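We have chain A already, so just place chain B on it with the hints.
Each protein sequence line maps, in turn, to chains A and B.
Note that the working numbering has the first sequence beginning at 3, numbered continuously upward.
Note that the working numbering has the second sequence beginning at -6, numbered continuously upward.
A few of these clues could be false.
As the list claims (entries may be wrong) - The list that follows gives simulated cross-link-like pairs (lysine-lysine, DSSO-like), each with its CA atoms no further than 30 Å apart: (1) K76(A) - K119(A); (2) K188(A) - K119(A); (3) K202(B) - K76(A); (4) K158(A) - K37(B); (5) K40(A) - K174(A); (6) K119(A) - K35(B); (7) K180(A) - K202(A); (8) K201(A) - K76(A); (9) K201(A) - K40(A); (10) K180(A) - K130(B); (11) K40(A) - K37(B); (12) K76(A) - K37(B); (13) K40(A) - K96(A); (14) K35(B) - K76(A); (15) K158(A) - K40(A); (16) K35(B) - K158(A); (17) K119(A) - K158(A); (18) K158(A) - K174(A); (19) K201(A) - K188(A); (20) K174(A) - K119(A); (21) K188(A) - K40(A); (22) K96(A) - K158(A); (23) K96(A) - K202(B); (24) K158(A) - K202(A); (25) K174(A) - K188(A); (26) K180(A) - K37(B); (27) K202(A) - K174(A); (28) K13(A) - K180(A); (29) K40(A) - K35(B); (30) K119(A) - K96(A); (31) K161(B) - K96(A); (32) K119(A) - K161(B).
None of these hints come from the bench; they were simulated from the model.
Given the structure is predicted, the values throughout are model-derived calculations rather than measurements.
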Amino acid sequence: MSNLFPKSANKLPLQILIFIGLTTGIVLAGVTYYATPKYSRVGYAPTQPVPFSHALHAGQLGLDCRYCHSNVEKSGHSNVPTAQTCMNCHNQIKTDSPLLAPVRESYASGNPVPWSKIHQAPDYVYFNHSVHVARGVSCVSCHGQINEMEVVHHAKPLSMGWCLECHREPEKFVRDPKLVTNLDWKHPGGDAGQLEQGKKFVHDWNIQPPQSCSGCHR
Amino acid sequence: MRYAYLTLLFVVVSAVSVLGFRGSLSQRTPLEIFPDMDRQPKYKPQAESAFFADRRTDRPTPVGVVPFGRTALAPEAKFLAEDDHLYRGLAANGTPARGYPAGITVDAQFLERGQLKYTIYCAPCHGAVGDGNGITKQYGMGATPTYHDDRLRGTPEGDLYHTITAGKGNMLSYADKLEPADRWAVVAYVRALQRAQTGTPADVVPAHKSELGLK
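Next comes chain B alone, as it looks inside the complex:
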């Protein structure tokens, strides 16, 4: 009988030492003991396909596809992304447009959206106040410019929009992360940052003057 218990102990100890404990890190793919309908022959995003030569289920758009640009902001007219101002930041004569596209009102809510998107997508390099001193500067990205120079203050909104959409020099495009309306929100927020740097005491709303120790 003693041998039976010893064998049992041995089995338990070896099982635990092979299987380990819950939560220990492992490279093994989780077992699917009854894989009933766990993996169905359907395509999910960013998954692998056995059919296409490049093994992607997400198909790249074929050449010549026309963009379908209907947005919540403009439910009807913007069918084929044909509004040059909204989608490409261009004025009627093909130069970068000044001002914001029709249909966009720059208000506090719009700026807040711009601030959120700016903080996520731009601040790591351009810094929270747009001075070009984001966290990446410490790691060797010296080329990030500040927004606070005369050229960028004077450049049309359409040009800033174009920088986000297509990138410029070492800065790559953010078009895949920001939809057109969000890009305009970021542009508006960049303008707000620029304005904040050139503010004077006269700009402060009377109600807030005492907080800042102004007369």
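Same shape as in the complex, but just chain A:
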């Protein structure tokens, strides 16, 4: 009877506790690491019907974002361009490229090119591009270095915490509204210069991004 459990079994409860503790720790770490938009959204890069490259058009050719996303300053929605916008050039450049067939087809028929949407705020959130762009928040703060992307990917989490990070400290991001579409621009004075100029803008224009719930959930 006395030999039924070996001596080592005395340590077993402790070992089981340690094991459970470790497993819980790992699961918690896994959840914090994975169950957030930083993992689930960032890096989302769907295949588009036309392999359109921002690195070529916005980077190399130097087209301004507003050439295509022409409503971004005027409306809440930043439009994806019409097929005619592409045909402005592609009626003379690469006119028979097979890659551009969906664009030509759309231009002829009037049906839109079925682009996949990448950034998608939930419907219960009110978001508006024009207020941000007019106040000197650059595209790069929210979309990353689009002008270097061959394929657009989701670069920032766009979660509520992320929006608030900036709404609490807009001076870290606001710049001269003339420079919003210059994604490579950094304040020549570095972080300190940005902060100083940002504080000035925030004060002069009375910038008060909403932090109350009804500002974004209206």
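Relative to the frame of chain A, chain B by itself:
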């Protein structure tokens, strides 16, 4: 006990290798674990509709719709875009109008607006100084003309306006990107570019003469 730890290690390694790291590129649509009211049955711009045959939520205007042309510039009278000069660049007798519509004053601020719009929408082809040597010339768009010839210098403003609104030959319309007042601002800036090319030392303001090494 060793087996338990080995299994745990195996589970962790396989989970990480399946899930990858934060920020790695992926084609998968982001998961919505609790899609509470994320996607509501309402229409948003440029979205897809299950109702209409062409699947668009943005409805094209039906035939025969009358344009509603009230603008900030002209809050009352321009109700139905009936001002031919402002909206179509035409004079009373139906020919391209000379000069700018009533209500538009060409001043430094207006030209600055024109410069901004010109740089975004026209410079890629026509070049920053309007000589037709924009970036696209290097990629095979040889047909872009310069503004600096006698015909275009003499053409009425209304004709330039019409080129922007309706396009001409290989150049397509920019009406969807520039509202009428902005088009006039671009026209004014094109005129300024043309004027700049024909400038003489006599045009330089006295205060700036020394900078340019003029007497």
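Hint by hint, here is what the structure shows:
For the hint pairing K76(A) with K119(A), the CA-to-CA distance comes to about 20 Å; that is within 30 Å, so the pair holds. Distance hint between K188(A) and K119(A) is fulfilled; the C-alpha atoms sit about 28 Å from each other, no more than 30 Å. For the proposed pair K202(B) and K76(A), the alpha carbon gap of about 41 Å is over 30 Å, so the pair is violated. The hinted pair formed by K158(A) and K37(B) meets the criterion: a straight-line CA distance of about 22 Å does not exceed 30 Å.
Distance hint between K40(A) and K174(A) is fulfilled; the C-alpha atoms sit about 21 Å from each other, no more than 30 Å. Proposed proximity of K119(A) and K35(B) is supported: the alpha carbons are some 17 Å apart, at most 30 Å. For the hint linking K180(A) to K202(A), the alpha-carbon distance of about 16 Å falls within 30 Å, and the restraint holds. For the given pair, K201(A) sits about 25 Å from K76(A) by alpha-carbon distance, which is consistent with the 30 Å threshold.
About 28 Å separates the Cα atoms of K201(A) and K40(A), which keeps this hinted pair within 30 Å; it holds. Under the criterion of a C-alpha separation no larger than 30 Å, the hint pairing K180(A) with K130(B) is consistent with the structure, at around 27 Å. Note on K40(A) and K37(B): the hinted pairing holds, with a Cα-Cα distance of about 25 Å set against a maximum of 30 Å. Between K76(A) and K37(B), the direct Cα distance comes to roughly 16 Å. Compliance with the 30 Å bound is thereby established for this hinted pair.
For the hint pairing K40(A) with K96(A), the CA-to-CA distance comes to about 38 Å; that exceeds 30 Å, so the pair is violated. This hinted pair checks out: K35(B) and K76(A) have alpha carbons roughly 22 Å apart, not beyond 30 Å. Distance check on the hinted pair: K158(A) and K40(A) sit about 7 Å apart at the alpha-carbon level, within 30 Å; holds. Between K35(B) and K158(A) the alpha-carbon distance is near 26 Å, which keeps this suggested pair within the 30 Å criterion.
Note on K119(A) and K158(A): the hinted pairing holds, with a Cα-Cα distance of about 15 Å set against a maximum of 30 Å. Between K158(A) and K174(A), the direct Cα distance comes to roughly 16 Å. Compliance with the 30 Å bound is thereby established for this hinted pair. Simply put, K201(A) and K188(A) have alpha-carbon atoms about 16 Å apart, close enough for the 30 Å limit, and the pair holds. As the CA atoms of K174(A) and K119(A) are separated by approximately 29 Å, the hinted pair is consistent with the 30 Å bound.
Taking the CA atoms of K188(A) and K40(A), the gap is about 24 Å. The hint holds against a cut of 30 Å. Proximity of K96(A) to K158(A) is assessed by CA-CA distance (about 33 Å); at most 30 Å being required, the pair is judged violated. For the hint linking K96(A) to K202(B), the alpha-carbon distance of about 47 Å lies beyond 30 Å, and the restraint is violated. Of the pairs offered as hints, the one joining K158(A) and K202(A) holds, with about 26 Å between alpha carbons and a cut-off of 30 Å not exceeded.
A threshold of 30 Å between alpha carbons decides the hint, and for K174(A) with K188(A) the separation of about 11 Å falls inside it, so the pair holds. Proximity of K180(A) to K37(B) is assessed by CA-CA distance (about 29 Å); at most 30 Å being required, the pair is judged to hold. Simply put, K202(A) and K174(A) have alpha-carbon atoms about 11 Å apart, close enough for the 30 Å limit, and the pair holds. Under the criterion of a C-alpha separation no larger than 30 Å, the hint pairing K13(A) with K180(A) is inconsistent with the structure, at around 69 Å.
In summary, the hint linking K40(A) to K35(B) is supported, as the alpha carbons are separated by about 27 Å, within the 30 Å threshold. A C-alpha spacing of about 26 Å is found between K119(A) and K96(A), which places the hinted pair at or below 30 Å, so the restraint holds. Straight-line distance between C-alpha atoms of K161(B) and K96(A) comes to about 20 Å, which keeps the hinted pair within the 30 Å bound. Straight-line distance between C-alpha atoms of K119(A) and K161(B) comes to about 33 Å, which puts the hinted pair past the 30 Å bound.
Violated hints, listed in ascending order, are 3, 13, 22, 23, 28 and 32; each of the other numbered hints is respected by the structure.
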